[in-house]
Every structure is written in structure tokens, then in C-alpha cells.
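One line per chain: the protein sequences are A and B, in this order.
Mapping the first sequence onto this note's numbering, position 65 (from 1) lands on 65, and the numbers just tick up by one.
Mapping the second sequence onto this note's numbering, position 64 (from 1) lands on 64, and the numbers just tick up by one.
Careful: at least some of the hints might be erroneous.
Some, not all, of what chain B presents toward chain A, calculated at C-beta under 10 Å [stated by the list, open to error]:
| hint | residue |
| --- | --- |
| 1 | THR9 |
| 2 | ALA10 |
| 3 | PRO25 |
| 4 | LEU27 |
| 5 | PRO35 |
| 6 | ALA38 |
| 7 | VAL43 |
| 8 | MET50 |
| 9 | TYR66 |
| 10 | VAL69 |
| 11 | LEU77 |
| 12 | ASP79 |
| 13 | ALA80 |
| 14 | ASP85 |
In the EDC-like style, the derived pairs of lysine to aspartate or glutamate whose C-alpha atoms are separated by at most 16 Å in a straight line are [as the list claims (entries may be wrong)]:
| hint | chain 1 | residue 1 | chain 2 | residue 2 |
| --- | --- | --- | --- | --- |
| 15 | A | LYS48 | B | GLU11 |
| 16 | A | LYS31 | A | ASP110 |
| 17 | A | LYS19 | A | ASP250 |
| 18 | A | LYS265 | A | ASP6 |
| 19 | A | LYS48 | B | ASP20 |
| 20 | A | LYS48 | B | GLU13 |
| 21 | A | LYS31 | A | GLU182 |
Honestly, the hints are just simulated from the structure, not real lab data.
Just so it is clear, CB atoms sit at the ideal spot from N, CA and C, and this is done for glycine as well.
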Amino acid sequence: MPSVRDIRRRIRSVENTGKVTNAMSLIAASKMRRAQLAVTDGRPYAEKIHDVIALLAAQPAGDDDTAHPLLQVRPVNNVGMVIVTPDRGLAGGMHATINRRVAQFILASDATVRSIVVGRKGRDFMVRYTDTVQAVFTDLSDRVSLADTTAISRLVIDGYTEGQFDEVYLGYMRFVNTVQQEPVIERILPVEPAALESAQRVGFIYEPNPAVVLSALLPQFVEMQVYHAILESIASEQSARMVAMRNATDNANQLASDLTLVMNKLRQDSITNELLDLVGGQVAMEG
Amino acid sequence: MPMQLQIITAEREVFSGEVDALVAPGLEGQLGILPRHAPLITVLQPGELMVRADGEESFLALSGGYMEVLGNQVIILADAAEDVDEIDESRAQAAMEQAQQRIANRETDVELEQAVASLRRAQVRVTVARRRRNSPHRSMANRQPGMGG
């Protein structure tokens, strides 16, 4: 049976843990908001470049009929997989969810899948269970900029043009809302231009010609997709952490109040016992 | 009749508003765009973008991108775009010298290509930054979108 003092010590410890988790949840909430804003800020560019590539890809190729290297569809023997995961834990089941989804994909694929891992959680998992990790990127900041992610996209684009990969996929946690994130796997290479809406067919003057404009924009398009996946992943990570830490705070508060109840009962018992002893002693003396 | 200009990068919208004329660094030379220009799609190279609104000229450093002119709307998708006020001239200068050094000590063609590209970007930033020093003018960052015209 623990003493009142033991329980009091335990309550204090639980309360301190609660304070830490509460602070973590508040920090995660503000970081999440920032990542969401970055996603929103990048949206006009994403939509525009998407439309433009659809428009350009629909133009007749001209003299040389060969498609741009990033549009070429090849028989698939080697697959590249960019996996975006968080660096840190304490974010609920987030990294397990994305790693499980990616593992399913790799197991189901007929081709050799080589991975390019972003984040420590994915690195630990892939290095442990596969021997096809090609590159690892860790310690990206929470306020990631496009320039921070171009090294990753460069690797992917070069790997594809050199024939190292015949297809490249991007796996990350998509931010749905604060309590919901879903793992997604998207194909980013070869680029598949969207179907052109008829309203977009205007007689443009191309300077110098559609093929050159297209080849300038395709790498940008891939870079933008990688950048967005990382932003989405950061937003998901922070919101998962916010929810996990809020639950932890609630649990700590609940535990502290349960323990306080036990402590009060114990204290009351001991007072009652002391009183009984006192009254008992008095009765004995008077008797 | 002013044109609607929008400059966006993958990270944010740099500028949106009405302008009277602009001169952009096209792949094959400077491109002047005035209202009622024919529909045009072009690649931009690293260079400075001049924008005139209300008779005042302002400059931005662009590091390559795409421009589309349709009707009275101009959209620039820039790899990166910086307003005069955002440029740190001494840093740009340092980047320029570093790039020059890398060109001198290059070992592979890829390195040369990268160094030349970063040299050009740094040069553009330095040129744009000097404009501010030489002629104090209103910066685009301080203007509210849609104020021109």
C-alpha cells in the first residue's frame, strides 16, 4: 500500500508530464498552421503549371517526333520510390502508417523498387527491412523551402533520364484535416499530362517553340510535386503530433485527478484511524 | 488600359496587380509587353523584369521561368523572383565571387554548368540591387495589389 507521500510525488510527476505534452501540442498546432499556409501559397503555381503542361503536351511535336525524356513511357523493370516520412516520433501512428503503405506497395510490385528516403523514421524502417535504399535525406527544417528540396528532385529526374528508374513514385501522408491524414502513393514520372479542356485551345505564339517551353517546365513540375509532398507530410506530421499530445495531456490530467482521489481517501482513512485511537485511549483512561 | 500581371513561384504569389508595360528577359532577348499583346507563351531566362505602372518603373530579379500572355492577362511562373528590397547586395556579390571561383577551379562539365547558372543568378541580383541604389523608387513590395491604373 503506497503512502500518501508516495502518491503525492506521483501526482506531481504526472502533472509535469502533462505540462510537457501540452506545450508540445501547442507547438505542433502552430507549426501545422504554417505548413498549411505554405501549401495554400503554392497552390496557384501548382494549378497553373498543371494546366500549361496539359496545353503544351497537346501541341504537335514538330520535326523530331521523340517525346521529351520525362514523358517517355518505358517497360518497367526498375522503380524509384521517394518516401517522405517525419524525422521525429511522438506523432501517434503516423510513421507506421506511411511505412506500412509503402511496404505493401513494394511487396506487390513486380519490378525492383529502389527507395529514396526523406526523414529518419522512413530511413530506419527501410534500412532495416530492405537492402535497396538508394539515398537518404534527413533534417529538413519545418519551414522547408523549394531550394531545400531540389536536391531530392534532381536525383529523381537524373535517375529517370539516365534510365536508372523506369517509373518514379512518391509516397507521403496527405493532409486531409487535423484529425485525418491518409497515406498516398502517386506516380510522378513519367509525367502524364492532364487531358486538355477545349476552352484552352487558343492560338498562342510560342517563343521559341512548344517543345522548348515544355522541356523547361517539366523539371519544374516534378520539383513542385516533390516540394508539395514534403509540405503535406509536414502538415500531417504536426497535426498527428498535435492530436497525440492533446490526448496525452488529457490522459495525464485524468490520471492526476484519479490519484488525487485515492490520496484524499488514504488521508481521510489515516485521520479517522488517528481519531479512533485518540477516542479509544480517552475511553480507556476514563474507564 | 492596364494589364493584369501575376508573378507566382512554387512558394508564394510574388506580385499581383495592374501594370502598363513590362520588359521581360526572354530566351532570345528582351521582350516588351504592352496591353493588347497577341497570345504568347515563352521561356524566360535569368534576368531582370521591368514593370511600369503609373509612370514608375520597378525591377525584379527573376531566375528563369515561364510567361504567358493571354488577352490582357500576363502570368509569370518564376523559378524564383525577388523584389529589389528583398535582395541583400553584399550576399549576392559574395555568391557571384564564389561562383567565379568555382568556374576557375572546375573539374567536371556539370560543375561548370551549375557554376555558370549560379553566377548568372547572382549577377542579376546584383544588377537589380544597384538599381535601387542609383535611383530611389517605389518598390513593388510596398504596393497594394491592384493599385496601379
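Evaluated hints:
1. Below 10 Å, beta-carbon pairs count as interface contacts, and THR9(B) has one with chain A at about 6 Å; its hint therefore holds.
2. Checking ALA10(B) against chain A: minimum C-beta separation of about 5 Å stays under 10 Å; hint holds.
3. Against a cut-off of 10 Å between C-beta atoms, the interface hint on PRO25(B) is violated, since the closest Cβ of chain A lies about 12 Å away.
4. Look at LEU27(B): its Cβ gets to within about 6 Å of chain A, closer than 10 Å, so that hint holds up.
5. Annotation: PRO35(B) was flagged as interfacial toward chain A, and the flag is violated, the nearest CB pair being 16 Å apart, outside 10 Å.
6. A cut of 10 Å between beta carbons decides the hint on ALA38(B): the least distance to chain A is about 6 Å, and the hint holds.
7. Nearest Cβ of chain A to the Cβ of VAL43(B): about 5 Å, under the 10 Å cut. The hint holds.
8. Given the 10 Å rule on beta carbons, the hint for MET50(B) is violated: about 18 Å separates it from the nearest Cβ of chain A.
9. For TYR66(B), the shortest C-beta to C-beta distance to chain A is roughly 6 Å, which falls under 10 Å, so the interface hint holds.
10. Interface restraint check: VAL69(B) against chain A, minimum CB-CB distance 9 Å, threshold 10 Å, status holds.
11. Against a cut-off of 10 Å between C-beta atoms, the interface hint on LEU77(B) holds, since the closest Cβ of chain A lies about 6 Å away.
12. Contact between ASP79(B) and chain A, as hinted, is supported at the beta carbon level, the nearest pair being about 7 Å apart and thus within 10 Å.
13. Contact between ALA80(B) and chain A, as hinted, is supported at the beta carbon level, the nearest pair being about 8 Å apart and thus within 10 Å.
14. Interface hint at ASP85(B): violated, since its Cβ lies 19 Å from the closest Cβ of chain A, which is beyond the 10 Å cut-off.
15. Taken as a hint, the LYS48(A) and GLU11(B) pair is honoured in the structure, with Cα atoms around 13 Å apart against an allowance of 16 Å.
16. With a C-alpha separation of about 39 Å, the suggested pair LYS31(A) and ASP110(A) falls outside the 16 Å cut-off, and the hint is violated.
17. With a C-alpha separation of about 11 Å, the suggested pairing of LYS19(A) with ASP250(A) holds against the 16 Å cut-off.
18. As the CA atoms of LYS265(A) and ASP6(A) are separated by approximately 14 Å, the hinted pair is consistent with the 16 Å bound.
19. Annotation: proposed proximity of LYS48(A) to ASP20(B) is violated, straight-line Cα distance about 23 Å (limit 16 Å).
20. As the CA atoms of LYS48(A) and GLU13(B) are separated by approximately 12 Å, the hinted pair is consistent with the 16 Å bound.
21. For the given pair, LYS31(A) sits about 19 Å from GLU182(A) by alpha-carbon distance, which is inconsistent with the 16 Å threshold.
Figure legend: structure checked against the earlier numbered hints; hints not met, in rising order: 3, 5, 8, 14, 16, 19, 21.
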